[in-house]
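From first to last, the protein sequence lines stand for chains H and Z.
Position one of the first sequence corresponds to residue 101 (my numbering), numbered consecutively onward.
Position one of the second sequence corresponds to residue 101 (my numbering), numbered consecutively onward.
Just so you know, these hints were derived from the structure itself, not from any lab.
Careful: at least some of the hints might be erroneous.
If several chains are the same, the list does not tell them apart, and a pair holds so long as it fits within one copy or across any two.
With a cut-off of at most 25 Å between alpha-carbon atoms, the simulated DSS-like pairs for lysine-lysine come out as follows [unchecked claim]:
hint	residue 1	residue 2
1	K112	K152
2	K249	K118
3	K237	K209
4	K209	K238
There are 2 protein chains.
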Amino acid sequence: MAGATELTENQKAYLQIKTVTAVFDRARNLELARIGLNMPQSEILYCLKVAKGPMTPMKLARMTHKQPHTVSALVHRMERQGLVSTKKDMKRKNWVRVSLTKKGEEALKRWSTTTEVPDALSVLSERERESLHTITKKLHNRGLELLRKFQPDPYGEPLFW
Amino acid sequence: MAGATELTENQKAYLQIKTVTAVFDRARNLELARIGLNMPQSEILYCLKVAKGPMTPMKLARMTHKQPHTVSALVHRMERQGLVSTKKDMKRKNWVRVSLTKKGEEALKRWSTTTEVPDALSVLSERERESLHTITKKLHNRGLELLRKFQPDPYGEPLFW
């Protein structure tokens, strides 16, 4: 079949975005490794910090758009590292509440002042930053529509939408 | 310490981009699951298809900005699934050459016609798409600079830059 891997303009643009984010993810993880963190961990710490009300692994999975089993494993590793603590919820026995520890708070402070990779956005002009904001918003909305469509288990994550 | 987790504009924009890509990654993986693939696999298949000359796990790691051990494990899983084949290089015994199998070629064809998530980019206006292209290019260059800076083992990946 001729042209089977000839990509559409959308696919090409999509791959370009994927490449940029792969470069940034790698750079950010290397930057965070210097302060003993990685991106998934810092994301969990940040969610716990800004969350209103008690957090469970399921809620963290919804906030981070990750799979529940991925987040559960991550939370357990972080608990062993002393960054978070978990305890069984008294009212709902199969619920686990996740909290920041003092060590987690400290790690989050280091994270919030380690910004060389995020500061890469400064290469953009004011106009480009505004444009990026608009583009991000549009794509986010469309992405959520697609996620609703493809989500195989809406019962599993009803609160998110 | 007051304000320890007050984020700069760059960090906020960075998190927004991360959120959008998390949504898209999840949607794309769900879309690809319908044709028996996931994003990391299809990326490897595509690299093998467009590569000039023999491919090794190390070269694939450079192309995809992933860690060599991640790509090796991925290639081995894909070999078990029949999507790629590997054989020892005759001249350099510690090199493994990775090739597409017929099943891999077929999977790639299905991949290239499964485009609902990449087509989400159609929500952007022509001007926004151009802007996104410029922004992506600028950020890619800056990202590579950062990666060079943070790369802990330049000897391990000299060819990439």
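So, going through the hints one by one against the coordinates:
{"no.": "1", "hint": "K112 to K152", "result": "between (40 Å within a copy, 19 Å between copies)"}
{"no.": "2", "hint": "K249 to K118", "result": "both (22 Å within a copy, 21 Å between copies)"}
{"no.": "3", "hint": "K237 to K209", "result": "neither (28 Å within a copy, 31 Å between copies)"}
{"no.": "4", "hint": "K209 to K238", "result": "neither (31 Å within a copy, 29 Å between copies)"}
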